[in-house]
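Enquirer: The residues making up each chain are set out below.
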Amino acid sequence: MIRFDQATKRYPDGTVAVDELDLEAPSGKITVLVGPSGCGKTTSLRMINRMIEPTSGTIWLDDTDTASMPAHELRRQIGYVIQHAGLFPHRTIVDNIATVPFLIGTDKRQARARAMELLERVGLDPAFAKRYPGQLSGGQQQRVGVARALAADPPVMLMDEPFSAVDPVVRDQLQDEFLRLQDELGKTIVFVTHDIDEAIKLGDQVAVLRVGGRLAQLAPPAELLSRPVDAFVAGFVGRDRGYRALGFTSAGTIVTRDEPTVTMGESLPGSDGSWLLAVDPSGAPQGWLHLADEPHGGVVEDRMLYRGGTLATQGGTLRGALDACLSSPSGRGIVVDDSGRLIGSTTAREVLALIEGLPDAAEVGA
Amino acid sequence: MIGDVFSWLSDPTHWQSTNFDTGIWGQLGAHLRYSAIALVIALVIALPLGLWIGHTNKATWIVSAANAIRALPSVGLLVLLVVIIAPHFYGRTDTGYVIPTEIVLVLLAIPSILSNTVAGVQNVDRAVRDAAYGMGMTGPQVLFRVETPNALPLIFSGFRSATLQVIATATIASYVTLGGLGRFIYDGLAQQDYPQMISGGLLVAALALILDLLLALLQRYTVSRGITGRTRRSDRAGHSDEAPDPRSAVLTEDLAPEAA
Ligand SMILES: Nc1ncnc2c1ncn2[C@@H]1O[C@H](COP(=O)(O)OP(=O)(O)OP(=O)(O)O)[C@@H](O)[C@H]1O
Ligand SMILES: [Mg+2]
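Top to bottom, those sequences are chains A and B.
Taking this note's numbering, the leading residue of the first sequence gets 1, the next gets one more, and so forth.
Taking this note's numbering, the leading residue of the second sequence gets 1, the next gets one more, and so forth.
In short, the hints are calculated from the structure, not lab data.
Please note: incorrect hints may appear among the correct ones.
Quick partial rundown of chain B residues pointing at chain A, CB under 7 Å, derived from the structure [as the list claims (entries may be wrong)]:
1. ALA127
2. VAL128
3. ASP130
4. ALA131
5. GLY134
6. MET135
7. GLY136
8. THR138
9. PRO140
10. VAL146
11. PRO149
12. ASN150
13. LEU154
14. SER224
Just the calculated beta-carbon pair ranges, DEER-fashion [unchecked claim]:
15. B/ILE2 - A/GLY138: 51 to 59 Å
16. B/ALA36 - A/PRO155: 51 to 59 Å
17. A/GLN110 - B/SER64: 24 to 32 Å
18. A/GLY138 - B/ASN123: 20 to 28 Å
19. B/ASN123 - A/PRO155: 30 to 38 Å
20. B/THR138 - A/THR15: 22 to 30 Å
21. B/LEU217 - A/GLY14: 53 to 61 Å
Some chain A residues close to chain B (C-beta under 7 Å, calculated; not the full set) [unchecked claim]:
22. MET51
23. ARG75
24. ARG76
25. LEU103
26. GLY134
Just so it is clear, CB atoms sit at the ideal spot from N, CA and C, and this is done for glycine as well.
If we strip away everything but chain A, and leave its shape as in the complex, we get (with noise of 0.2 Å):
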């Protein structure tokens, strides 16, 4: 657990970035901190180890005052990834992630297989071992960078817009991955970014704070997105709150209705309904079929697909199914299991009617 007391941190030249905050981070979740640039996110983050000093207030990890010990003992018991993974040059990609146990005087082999494991944990090919920094990717850089913050298994980890600085297909690949290696871990984790699409999504709780470093509003992001405490937060969370919202509600076992099916690679059947869906001989979906298209017939081949429309997991959220209803050519919503085979399909009326029957509307995702 990570408790702020009525941290401040004034500026020499007068700024006040953080304002008497009182937060708690509690154990084994993520706490994002979201807000407008320049709000004391960074300030605040940096804080708890100390890479900033408070002015004021007191920080608490666990029962410990962060203050009662060396700076570098504490951050060595804290994982921190900074925005431009910030890796040593001079340093291969392993003795970059060994780094903190290097410090703490952990046997070398031991700390490189250690760091190995990190580099394939957090997926990256065990190749990259030998190289440098200058010879990775962006994406590849700030994996490592996770990976060097969790070599020294520290129970806290702070992350500064780590993902920030990497294109959004990237990004939203780094997210999952992050999310799953959370799953393993169950970390303590101070997260902050300024995307409150990526607060939401990862965030156990959200923190938006103003400019001026006060706390706005904490919540859970379902709660942020239906219960905006001001004008601010609800300008800040931003429009499609409502639809958003969905993404926090389980769509329970959706009932569906059977598609029928062409496998890739067979000859098109001289079917009347004008959209077919395509899948590959496991049964995962591929892509739709318009047959108007194809009046010659013909085997059924990739360039042929419609690839529109997203997939509703069976167990997933309302908005996963209503976005693959809402997104499909043919206008029925694809519903696949958790190993991506195909399950029936459903439509966006069978959504919303799943919706409107909700206990209270207003309370989606509470």
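Put chain B with the ligands on the given structure of chain A with help from the hints.
Expert: Then chain B with the ligands, alone, in the frame of chain A:
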């Protein structure tokens, strides 16, 4: 003329010393000795000082002051120091000349080592330094484990240019009766023996070149490949499967030492 120089240099009697005369080998040894002493002293002063200034960002005026010393004319300074120092030494010793020579050479070598070391440390990426502290390194650990290795290329280039200057300027030792390769230049000039004079100049140039090459070699093996960029960056975007082969990176790199 070129033929004369060539025959002067290829005459074996010019290389060996006799009872009356020090040959090329002997003067080369003396030249190296004066230069090495000056470079070692300069390094011992400028390197730690530069690391400290770069790391703490304190007393940066020292760098400007050292650079100002560069403006002093070497020969003038040497004569002045000899006038001041030499009278304190009597008898059959050349200490009264060696000390002024070394002072001039040390003053010559310090500025480039110092300013390059400071610049090298200061130029370390802020995010890298920040990460080093963030990982829990102490100040000295940040300096020696992160800042210094990253500053090495600049430190080396400072030391290499100091070496070139010292080797070239060590010829002035002969101006105040001492040995060294400058002997051939001053004697050649005095005796209007131009092949000897030009040979002396060529020997100095060759020595400087050889030393620079040796330092380049040393640099190659001490500076991390991660910094020199002697690595393949071809697969930044993700063709990550090809295994890096350190040898191929070394083999394909051109052998020219980076300009100092
Ligand atoms: N060293 C400093 N000296 C003076 N003021 C500072 C200093 N560092 C930050 N500030 C100010 O403190 C405030 C908060 O800065 P901080 O870096 O914590 O913001 P942030 O929320 O992380 O913003 P961003 O999203 O842009 O990274 C800003 O107004 C900033 O200008
Ligand atoms: Mg910031």
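Enquirer: Each hint: holds or not?
Expert: Status of the hints after comparison with the structure:
1. ALA127: Holds, because the Cβ-Cβ distance from B/ALA127 to chain A comes to roughly 4 Å (cut-off 7 Å).
2. VAL128: holds, 5 Å
3. ASP130: With Cβ-Cβ at 6 Å, under 7 Å, it holds.
4. ALA131: Check passed: Cβ of B/ALA131 comes within 3 Å of chain A, closer than 7 Å.
5. GLY134: At 4 Å from the nearest chain A Cβ, B/GLY134 passes the 7 Å test, so the hint holds.
6. MET135: holds, 5 Å
7. GLY136: B/GLY136 check passes; min Cβ-Cβ to chain A is 3 Å, inside 7 Å.
8. THR138: Holds, because the Cβ-Cβ distance from B/THR138 to chain A comes to roughly 5 Å (cut-off 7 Å).
9. PRO140: The hint is violated - B/PRO140 has no Cβ within 7 Å of chain A, the shortest such distance being about 11 Å.
10. VAL146: holds, 6 Å
11. PRO149: Where the cut-off is 7 Å and the nearest Cβ of chain A is about 4 Å from B/PRO149, the hint holds.
12. ASN150: holds, 6 Å
13. LEU154: violated, 13 Å
14. SER224: holds, 4 Å
15. B/ILE2 - A/GLY138: 51 to 59 Å: Since B/ILE2 and A/GLY138 have Cβ atoms about 57 Å apart, the given range 51 to 59 Å holds.
16. B/ALA36 - A/PRO155: 51 to 59 Å: Holds: the Cβ-Cβ distance is about 54 Å, inside 51 to 59 Å.
17. A/GLN110 - B/SER64: 24 to 32 Å: violated, 48 Å
18. A/GLY138 - B/ASN123: 20 to 28 Å: For A/GLY138 and B/ASN123 the Cβ distance comes to about 21 Å; the hint holds.
19. B/ASN123 - A/PRO155: 30 to 38 Å: holds, 36 Å
20. B/THR138 - A/THR15: 22 to 30 Å: holds, 29 Å
21. B/LEU217 - A/GLY14: 53 to 61 Å: holds, 54 Å
22. MET51: holds, 6 Å
23. ARG75: Interface hint status for A/ARG75: holds (4 Å vs cutoff 7 Å).
24. ARG76: holds, 3 Å
25. LEU103: holds, 6 Å
26. GLY134: OK, holds: A/GLY134 within 7 Å of chain B, min 6 Å.
Of the numbered hints given earlier, the model fails hints 9, 13, 17; all others are met.
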